[in-house]
Every structure is written in C-alpha cells, then in structure tokens.
Amino acid sequence: MIGKALSGSGAASSPQSAAAFLNRASFGATDASIAALSDVTTWFADQAKAAPTPGGAPGYWASTPSFHLDWVQRRQADFDAAYAAAVAAAGPNPPTKINHQRVKNIQFQEGFWARAVTGDDQLRHRMTLALSEIFVVSFISSTITPRIAASWYDMLSAHALGNYLDLLKAVTLHPAMGLYLNTTGNTQADTDPTRHPDENYGREVMQLMSIGLVKLNANGQPQTDPTTGAALATYTHDDIAGLAKVFTGWGWYNAKPSQATFAKQPADGTTSASPDVQTLISYPANHSQLSKTFLGTTIAAYTGAQPTNQAGANALTAYQTASLATALTTIANHPNVGPFIGRRLIQRFVTSNPSPAYVGRVAAAFNGDPLNPTTRGDLMATIKAVLTDPEALDQAASLASPTAGKLREPVMRMTQWLRASSATSKATATAPNGNFPQFADFGDPGELAQAPLEAPTVFNFFDPDYVPTGSAVAKAGLVAPEFQGVDALTVASYANLMAQVIQAQGWPGKDVTTAYANELAALTPASVGGADNNQALIDRINLLYFAGTMSTTMSARLLRVLTGTASLAKAPTAAQIAQVRLNKVQNALIIALTSPEFVVQR
Amino acid sequence: MTHRITPSRRALLQGLAAFGAAAPLALNLAAVGRAAAQSAGAGSGYRALVCVFLQGGNDAHNMLMATDPGSFAQYTTARQSGAEPINLMPAGTAPVAIGGVSPVTKRTITTTDMPEHWGGVLAIAPATAQLVPPANATTSQPTTRTFAVHPFLTGAQGLFAAGRLAAIANVGTLLAPLTKADYQKPGPATQIPQRLFSHSDQQSAWQSGQVDGSATGWGGLMADTFQALGGGEVDFSAITTAGNTAFLNGQSARSFRINYAANKATAQTITLTATTGRYNNSANFLDELRASLVETHLSAGQSSDMVSDYAAAVTRSVALSTVFDNGLTSAAAAEAAIPNPPAFTDPIGGKVVDNPLADQLQAVVETAAAQAQLGVTRQVFFVQLGGFDTHDGENPRQGLLMAQIDHALSYFDAAIAAAGMADKITAFTASDFNRTFATNGTGTDHAWGSHHFVLGAAVKGGDLYGPYPTVGIDKAASGSTPAFTNPDAASNAYIPTTSVETYLATMATWMGVTAAQMPGIFPRLAGFPVQNMGFMRA
Numbered sequence: 001m002i003g004k005a006l007s008g009s010g011a012a013s014s015p016q017s018a019a020a021f022l023n024r025a026s027f028g029a030t031d032a033s034i035a036a037l038s039d040v041t042t043w044f045a046d047q048a049k050a051a052p053t054p055g056g057a058p059g060y061w062a063s064t065p066s067f068h069l070d071w072v073q074r075r076q077a078d079f080d081a082a083y084a085a086a087v088a089a090a091g092p093n094p095p096t097k098i099n100h101q102r103v104k105n106i107q108f109q110e111g112f113w114a115r116a117v118t119g120d121d122q123l124r125h126r127m128t129l130a131l132s133e134i135f136v137v138s139f140i141s142s143t144i145t146p147r148i149a150a151s152w153y154d155m156l157s158a159h160a161l162g163n164y165l166d167l168l169k170a171v172t173l174h175p176a177m178g179l180y181l182n183t184t185g186n187t188q189a190d191t192d193p194t195r196h197p198d199e200n201y202g203r204e205v206m207q208l209m210s211i212g213l214v215k216l217n218a219n220g221q222p223q224t225d226p227t228t229g230a231a232l233a234t235y236t237h238d239d240i241a242g243l244a245k246v247f248t249g250w251g252w253y254n255a256k257p258s259q260a261t262f263a264k265q266p267a268d269g270t271t272s273a274s275p276d277v278q279t280l281i282s283y284p285a286n287h288s289q290l291s292k293t294f295l296g297t298t299i300a301a302y303t304g305a306q307p308t309n310q311a312g313a314n315a316l317t318a319y320q321t322a323s324l325a326t327a328l329t330t331i332a333n334h335p336n337v338g339p340f341i342g343r344r345l346i347q348r349f350v351t352s353n354p355s356p357a358y359v360g361r362v363a364a365a366f367n368g369d370p371l372n373p374t375t376r377g378d379l380m381a382t383i384k385a386v387l388t389d390p391e392a393l394d395q396a397a398s399l400a401s402p403t404a405g406k407l408r409e410p411v412m413r414m415t416q417w418l419r420a421s422s423a424t425s426k427a428t429a430t431a432p433n434g435n436f437p438q439f440a441d442f443g444d445p446g447e448l449a450q451a452p453l454e455a456p457t458v459f460n461f462f463d464p465d466y467v468p469t470g471s472a473v474a475k476a477g478l479v480a481p482e483f484q485g486v487d488a489l490t491v492a493s494y495a496n497l498m499a500q501v502i503q504a505q506g507w508p509g510k511d512v513t514t515a516y517a518n519e520l521a522a523l524t525p526a527s528v529g530g531a532d533n534n535q536a537l538i539d540r541i542n543l544l545y546f547a548g549t550m551s552t553t554m555s556a557r558l559l560r561v562l563t564g565t566a567s568l569a570k571a572p573t574a575a576q577i578a579q580v581r582l583n584k585v586q587n588a589l590i591i592a593l594t595s596p597e598f599v600v601q602r
Numbered sequence: 001m002t003h004r005i006t007p008s009r010r011a012l013l014q015g016l017a018a019f020g021a022a023a024p025l026a027l028n029l030a031a032v033g034r035a036a037a038q039s040a041g042a043g044s045g046y047r048a049l050v051c052v053f054l055q056g057g058n059d060a061h062n063m064l065m066a067t068d069p070g071s072f073a074q075y076t077t078a079r080q081s082g083a084e085p086i087n088l089m090p091a092g093t094a095p096v097a098i099g100g101v102s103p104v105t106k107r108t109i110t111t112t113d114m115p116e117h118w119g120g121v122l123a124i125a126p127a128t129a130q131l132v133p134p135a136n137a138t139t140s141q142p143t144t145r146t147f148a149v150h151p152f153l154t155g156a157q158g159l160f161a162a163g164r165l166a167a168i169a170n171v172g173t174l175l176a177p178l179t180k181a182d183y184q185k186p187g188p189a190t191q192i193p194q195r196l197f198s199h200s201d202q203q204s205a206w207q208s209g210q211v212d213g214s215a216t217g218w219g220g221l222m223a224d225t226f227q228a229l230g231g232g233e234v235d236f237s238a239i240t241t242a243g244n245t246a247f248l249n250g251q252s253a254r255s256f257r258i259n260y261a262a263n264k265a266t267a268q269t270i271t272l273t274a275t276t277g278r279y280n281n282s283a284n285f286l287d288e289l290r291a292s293l294v295e296t297h298l299s300a301g302q303s304s305d306m307v308s309d310y311a312a313a314v315t316r317s318v319a320l321s322t323v324f325d326n327g328l329t330s331a332a333a334a335e336a337a338i339p340n341p342p343a344f345t346d347p348i349g350g351k352v353v354d355n356p357l358a359d360q361l362q363a364v365v366e367t368a369a370a371q372a373q374l375g376v377t378r379q380v381f382f383v384q385l386g387g388f389d390t391h392d393g394e395n396p397r398q399g400l401l402m403a404q405i406d407h408a409l410s411y412f413d414a415a416i417a418a419a420g421m422a423d424k425i426t427a428f429t430a431s432d433f434n435r436t437f438a439t440n441g442t443g444t445d446h447a448w449g450s451h452h453f454v455l456g457a458a459v460k461g462g463d464l465y466g467p468y469p470t471v472g473i474d475k476a477a478s479g480s481t482p483a484f485t486n487p488d489a490a491s492n493a494y495i496p497t498t499s500v501e502t503y504l505a506t507m508a509t510w511m512g513v514t515a516a517q518m519p520g521i522f523p524r525l526a527g528f529p530v531q532n533m534g535f536m537r538a
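For the record, the sequence lines run as chains A and B. Per the numbering used here, the first sequence starts with residue 1, numbered consecutively. Per the numbering used here, the second sequence starts with residue 1, numbered consecutively.
Because the hints were derived from the structure by calculation, they are not lab data. Mixed in with the good hints there might be a few duds.
Stated by the list, open to error - Calculated cross-link-like contacts (lysine-lysine; reagent style DSSO-like; alpha-carbon spacing at most 30 Å):
| hint | chain 1 | residue 1 | chain 2 | residue 2 |
| --- | --- | --- | --- | --- |
| 1 | B | K351 | A | K104 |
| 2 | A | K475 | A | K570 |
| 3 | B | K180 | B | K475 |
| 4 | B | K351 | A | K97 |
| 5 | A | K104 | A | K215 |
| 6 | B | K185 | A | K215 |
Unchecked claim - Computed beta-carbon distance windows for the label pairs:
| hint | chain 1 | residue 1 | chain 2 | residue 2 | range |
| --- | --- | --- | --- | --- | --- |
| 7 | B | K180 | A | S272 | 48 to 54 Å |
| 8 | A | H100 | B | P95 | 32 to 38 Å |
| 9 | A | T41 | B | G520 | 56 to 62 Å |
What the hints assert, rightly or not - Computed footprint of chain B on chain A, listed as stretches where at least three residues anywhere in the stretch have a Cβ under 8 Å from a Cβ of chain B:
| hint | region |
| --- | --- |
| 10 | 84-98 |
| 11 | 271-278 |
| 12 | 317-326 |
None of the values given here were measured: they were computed from a predicted structure. Don't be surprised by glycine CBs; every beta carbon is placed ideally from N, CA and C.
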C-alpha cells in the first residue's frame, strides 16, 4: 500500500499502486514515474521543490516561474522573426500582403500541453489545472489575451501548493480576473444614487471560489434550519453589495495612472514588465469611501483626506488596500472554505462523491492547527490529504463500490495517452526538443470538448453538483460533474478523436508523435521468429492506463484482438511483421482508451 | 496549421454550459426501429417549440422600452451615467456620424459603440393599449403608453408590425404571485424564489422551476407527454444544439445533441464503426471495438454507476446518430427548401462575423423539416447564445448580441416560411434574469423580471402581453424634487408580474399539452391568476 510508504515504511508496495496514485496526482503514469515512486512522502517533497520546469532541451524551456508567459512571448518572437524573414525575402514590392501572425489561445495552450506531457513539476501543474477550474477565467466571451492568460496560469501555478489566502489575493488583483469578472473599471458610486458598484466579482468570489451558497458543517454537509429543513444561506445580496464596494477602485497598472488608464485594457506588451500583465493597482478616487458590511464584518467609512492631493490619495490607497485585505481575510477564514475547497479538489483528483468523513479530513488539513492561524489554508497539506486519504488509496474498496471514482476529464485522458506513449514533438531550430503545438486542427469529429482556460462561463466545464438525468448516478442520489460534458455528440467525438490520434501516432501534421517504442518492445519476442508477446502489451496497458485494475472482460477482448491481428502473408517480411506489431498497438489502444471502463477512473 | 479556434470548436466548448442536468438513461432500442415505422402520416399535426436561451442574463431594459415621456426620462436618468453611458436615444433620433456632436447628449461621437451613433430606439405599436402607470405619468389625464425596441432590432420591429412577433413584459421566476411589499417584508406565507440573481440557479429556475441541480425541466416534461402520441418521440422529441440543459430533461425524455456546423444539422457518428472488413491487419478488431464502446466490462463482482452511465450514453449516441442522419438525408427535398442564413455584419465592428444563433436555428428548421422521417409529431428544441452577462462594456457587447438576435430571428422567420412550417414552429426567448435598471458605470448587474419575444406564424404577434412595469428607481425626496416610488420594482429589480410557468404554459397549450397534464409539468401554474396569456393561436 502506498499509505504505508507515507508512514515511512519504505517503498510503494507495487507498480500498480504507484500507477493508481500517479494517474491522479500527475497527468498520467509513465514507466519512469512509476519506477521513481518509492516513497510518497519523498514524492510530495520533490514536487514542492519543483519550479514550473518542463522537461526538454535547455535554452528553450527555461526553468522559471513565468514559464507560460515566457512561452507565449517566445512564440510571438518566433512569429515576428518569421514575418521579418518573409518581408526580407519578398523584397520592396511584395505581390501579396505578408501575414504577421499574432499569438492566439493556442500558443498559451501549447505551453500547457508541453508542461503536462514532459514537465517534472506534475503535481504543481496538475493542481494549477484544478484551480483553473475553481477560480475560472476564460478566453470565451472575454478580452483576455494569450499573454494575460499565460500570466494568470503562472500566478495560479506559483500559489498552487502555497497558501489559499495568498492565492485569493493574487486572483483578486490579477488582470485576467479584472477582465473576466470586471474588477477593472469598477468605480464607486458613493454620491450617485442611480448607480451602484459592479457586483460580479463580489458575488462569484463567494459563490464559486471560497464559501458557496450554503452553510456547511466541517464535513461539507449542509447546515439546515431545524424547523423548515431548508439549507441555510451563507450570504445575502447585502453581503454582495458590501463586498462590491471593497472591489471598487482597482485598475490597470500604469506608471502614471489617470482616469484614462483606470479601465482601459493596455495593448499587448512584450515583456513580463509590460502593463498588460501587471497586478492591478489602486485608483483611490474610484474607491468607495462608504462603510462596507459583509459576512458579519464591517469596514468603517473612510474619514481621511480626499484624494485631491498626493497625501490624500496615499491615505485613501492605504485604506483601500487595508479594506481589501480585511475582506479577503474574512472570506478565507470563513469556516466553509475548508470543506468547500476540499470537496472541489477531491472531485477534481479522486472521486465525485467523497464521504463526509473524507471531506472532513481534507477540510481539517486545510484548516491546519487552530492554535496557529498561519497554518490555515496550506494547499500542499490539503492536496496531500486529498491524494493520501484512505478513501483514495484503498483500491480494493474503490473497485468494490458502485459509486466510487469519477469520469476522467477529457484533457486528462489525452495527457495520459501522450505520457504513457512517450510522445515527442517535432524539433525546430528554436525548439530543439519540440514545442508541442496543440491539436487545434481537428474538425468537429475530433474535438475534446475541453481546453485549458476555455470554460464556457465562470461556472467551469463541470458543475460540482451535476446529476445526469435518469442515470444510475441519479438513482443513487449522487453527482457526476464531468458528465455535464457527456452527450450524444461528445461521446462520439471523443471516440473519433482517440481513434484518429492513436492510429495516426500523433496529432495532425505530426507536430506531436508517439512512436510506441515501449509498446512495440513489449510485444517483440525475445528471439527472432518467436510468437509476439501479446500478453506483455496487455499488461503494459493494464498498468499504465488502468493501474492494474483492467477487467478480465477487457483483457480477454484485447487478447482476442491481438491474436486476431496478423499478416495474411504466408511468410511475412520483416516490414510486414513490424506493421502488424504497430497495428496491434493501435488496435489495443483504440479499444482500451475508448472504453467506458477507462473513461471512468475508479 | 491553422492555429485558431474554429467556430464549431468554440460552439462545442460553449455548449458545455454550466447549468442544469441531463443525459443518459437505459436505452430504448426498440424505439429506434419504431421511428422509421411511425414516419407515415405523422405530418400535418406537427408542432415544435424552440427555446432561444440568452445565456448570462439579457439586459431587457435596452431591448424593449417604454418611451412615453415620464418612463423614458426615468430610463435616461438611470442610464446616462458613468464612464460609458448605456442609455439609448429617443425614438426618431437620427444617427450621429463619427466626429459629430449628439444633439441629445451633447457628446462628440468618437466610436461606433456609442449609442448616439446607432440612432434612436425603434417604435413599435402594440395592438392592445397599455396606460402610462401613475408614477410615470406626466399629465393628469391617463395616456396610452408607447414602446420601442433596440435600434439594432430592425427585423424584429418589422416582424412585430407584421403580426408574427409578440413581446411579453416582465416575466420572471416566481413561486406564487408576489407584491413588492411582501418581497421587501416577507410574511410567514410569502414565497420568494430561492437564490435570485445567481446565474446557475436562475438559469435552472427558468428552465425547470428549481434551482441548480434539477432533474427535470419544462421542455423535457412536455416531451414526456408527447410520447403518448406514439411516434419516435422518445428519441428525437428533445433536441439541443448546446449540450446538456435542464430544460430538455423529462422523466423519460432526454435531449439529443446535434451539430450545426457547416450549415447542416447532423448527428455525430463514430466513424470507425462504419468501417467494414479487415482493419489494421485484423479481422475481428472492428467487431470488438463496436462491442467494447458500449460494454461496461468490469470484473465479476464489480459494478460502477458511472461506467454504466457512460456506456449507456455511447449506446444511445451510436443507436440514434445514424437514424438521425438518415432521416435528414431522406428528407432531402424538404431540406433543399431551407436557405442558409445570409451573411451577418457586426454593426459596430463593421465586419462580417459568425452568428452562431442563426446557424443553430437553421439546424432546428432542418431537423423539423425531417419530422416525418424521424417519426416525430412534437418537438422541443434548445438553442443558446452566450455573452449576455454585460457587467461591463455593455454598449459594444449587448449591441452586437442584439444585432445577432435580430439577424437570427429574421432568418428563422424566413426559414420556417420557406420550409412551409411557419405556423408549426414557434420560437421564444428566455434568459437567466433581467439586469439592473441602473448602470454600474459601463454595464449592469443581475436582477429579475424581464421582457421576452415570441416568434412564429402561430403567434398572435404585434402585441405586448403582460403589464409593462413602472419605470424608475425609488428615491427619497430631495430639495424641490419629490420622492419617487416604483410599485413594481424593488431597488433595481422588477418584481415579475408574469411567472415563467404562465409564459411557458401558454405555449405548452399550443403544443397540445392538455389541462389535465398541465399540473404535472407546471405545478405552481394554478396558483397564478392567469394560466394562458393568449398570445398563441389555437
């Protein structure tokens, strides 16, 4: 048991338990990561140290906390260079207009895939994906640029294994959130009875990112009115209006801020110091000076000098900054946060329907030592509790339960295949070890229906309380968030996508390829002319994709398929034998990865 | 590589909308075969209802407004404020060119997203007069109220005048009739809807009468009743272009999602399963794949609800997708009559851009045109346009959306006529909620009672149904200005005077839902004074 390793008993008991752990904690188990996992305590310690450092060639993937922004900037530089070269080659009177490509969503997402497939900071990146689905911003229906998105991802990543309150502060003042939930440009209406501050962030920060709609017990169960049985609301509209005032007066960074710069999104910059990716700053004249009441806390009205001179502006900025700190601390200290965030993380990593006791244990890890408030909100301690809980580690109990587990989110299904298949990407002059372009060229039949930072709304791709109608899950009174993306169209799209990329050994254009070297090696008999080792390939798929839990129905099916995959030639050539082995890998992977048994992670 | 989000890809992502519930159930395979058998004779009685969901909460104050002097003055006062005023210009105001000065606001027009540049709101003349409410009256004599629509709703204005578009005033989520006094000081018996102003909950409440997590919705429950008609209803009675939604879930009816890319309604088939013969040097791979896709596998002694549910979803997709595509292919003659949407030009940006709403409506009409082949006599559709949560940048954002709605509804009117189904398909708008009456500086926040449109030849158009509320926000007296009290609004939110159930039940009746079936779908309907607003023909 991995659990024993945690308590210091040494190595993980089996490759299967290591794979089960890694298929949750990382973007998919690999030969190397299974072999390297001898002790979970050590693994977490290593992950805590890991800077966001993808693998690959030195010089292109810098080891830096601004990995994603660096990636996007480098891609823009690639485009700029290509444009300059084309202009130079075309001479003084080019016959057609030369396209100067700008970075798009996809260039941000290239970095996501590269880091997920090859990065050594798997837990941090995995946690960043999970947090990006709780603290949601999106390219969809917003003016978030690839640079701002990359900067946002770097920010989430930096805090992913840190402290919740630090994360909440950074989220609140990041320009991505400023754009997505309109904190930028939110101006006080203290003397204007016909107007009111924007309530968007004030509402959603409570509903979705911290405390939720309903008062929770420490184990995540709702608190109810003893007479009516109705769930108790955590807040009212008055609390939202109070918080909305706190979130006034934050605007775009500018060296010389003015009313003209307050709400105006800067043009794309070129460096990490450019205004478009800086933390929002105080515009004291736009901040509400009225008293602000929310969640039982009241911030007194501002009574100091008015911001008509520098001293007044400084005083009001100090008041504004202190008000924000008070508000975010009040939210972060609400007793709901532990069970609320805990349940969401359990759902992202382990199971859709954790027991109240499991939620309670994770919430306790989040809450830390009540006598030492600085231990509250430790996200590393929280995710450790999520991944090493007995309910997560007891594979036998999970398999025996009809309600355990979750639907793998589509991005994770794809990364698992890429990692297990040792995917590499095409090398270029500037990216000697490949750059992992994303699969944007697939038409509808090949869509994943999920892409990082492209949630349809602030409610993410998956509602934590989603119940598929008429389902077995519904009959059991349970939830299945990821089933929100399951419909007649997407299940077929997913099967088509996997069949296509497994068959093509990569993404269209061969930007990313899977040579299946390890899979082919497993098949190949020890002596030339011997029978293919079909069972070894099945065992490999079982370990990496199913953590050793593959059903006998599936293994028998795969064996039938592998046995039935053969050349028609009486005396196959070496090339024909090689082709059959490749086909075996393709056939087995297509069946395994499109099966309901794989799509649900138990 | 074309590194961009294709419209269809974007649509797919947007389709994963964040509300409601739906999906797989044990499959009724028998019904698949029956669909074809039922195709004969299903035709003449066909009717369909199309929910056009404006996701994010449409600012209906800028879609349908009262233009009598007192009302419009309140409107202008509340919205001509902040960094980017969001008040539209009075009816009859000429557009002001870039560089010009608006005679109304005295502003110099610098960008195409300033309302002065769009010209005034477009007057409509409802057949039934509504009187100016006392608080908005500017004379002691009762006078008839006047109305208008957003300057970009030129098509809707024409459809209203032609009698095919009706407007519905102040609809919203209600549990029972509610007064402002009871809302502000609830008594023990007062029923106030849960979680007002929350997107996920009010989207669900609009679609199902319950907050987030509802197992069934109005459209799905209607579809349940169609099954008694004995057609292929169980499979194709609830069609979505936008992913899972609460609206289309019934007790047994489930939504079927279709593609609308490339001007064609299609189901999604699993392409490899259509391949025959030897594949990848294997004689049994394709058969094993077909079996595996829908197999729960699992070892002896194990079971998994989610594995079963996913297998059921794939089973249903495989079973129905080909039936759907074949149905539309065999209806080729009817499909050929349906035009593609004309190009849509963003009136603010000036460029030709996608209008996903028009594309979705095309897929709806194409599906309806194949109703005989699909074996359905009643259908409920769900289409969606996102981006209505205009907390900021409301002028450019809602302006574009209004133009898209106008373009899509105008196209829909033409398409159902071309298909010969003008009086057989009715479209209606729905949205999370209305937005705040007052601006927050550049946009608006979440509110409640809202205004909507219903379109089709079966609609008694050209009229406004339901009382349009008093306009304005309560103000204490100050100096010589008297106090203002709006009996219809609590602060920034209209208290709805028509419940969503009444609005939808009016259309459900047209769809053939009987009085006896009504309480099973709309349990609170009987508690409202009006059960049928009368905007549908028989």
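### Query
Do the Cβ positions of T41 of chain A and G520 of chain B conform to the proposed distance bound of 56 to 62 Å?
Holds: the Cβ-Cβ distance is about 58 Å, inside 56 to 62 Å.
### Query
Given the hint that K180 of chain B pairs with K475 of chain B, does the C-alpha gap stay at or below 30 Å?
The hint holds at about 15 Å.
### Query
Taking a Cβ-to-Cβ distance below 8 Å as contact, does the region 84-98 of chain A have at least three residues touching chain B?
violated (count 0)
### Query
Residue count check for the region 317-326 of chain A against chain B: does it reach three with CB-CB under 8 Å?
violated (count 0)
### Message
Is the coverage entry for the region 271-278 of chain A by chain B consistent with the three-residue Cβ rule at 8 Å?
### Response
violated (count 0)
### Message
For the hint 32 to 38 Å, verify it against the beta carbon of H100 of chain A and that of P95 of chain B.
### Response
holds (34 Å)
### Query
For the pair supplied as a hint, K351 of chain B and K104 of chain A, is the alpha-carbon distance within the 30 Å limit?
holds (20 Å)
### Message
What's the verdict on K475 of chain A and K570 of chain A, does the C-alpha distance respect the 30 Å limit or exceed it?
### Response
violated (55 Å)
### Query
Are K180 of chain B and S272 of chain A spaced within 48 to 54 Å by their CB atoms?
holds (53 Å)
### Query
Does K215 of chain A lie within 30 Å of K104 of chain A when you go C-alpha to C-alpha?
violated (41 Å)
### Query
Does the structure keep K185 of chain B and K215 of chain A at a Cα separation of 30 Å or less?
Distance of about 23 Å is within 30 Å: holds.
### Message
Hinted pair, alpha-carbon criterion (30 Å max): K351 of chain B, K97 of chain A. Please report holds or violated.
### Response
Since the Cα atoms of K351 of chain B and K97 of chain A sit roughly 19 Å apart, the hinted pair holds (cutoff 30 Å).
Against the hints set out earlier in the document, violations occur for numbers 2, 5, 10, 11 and 12.
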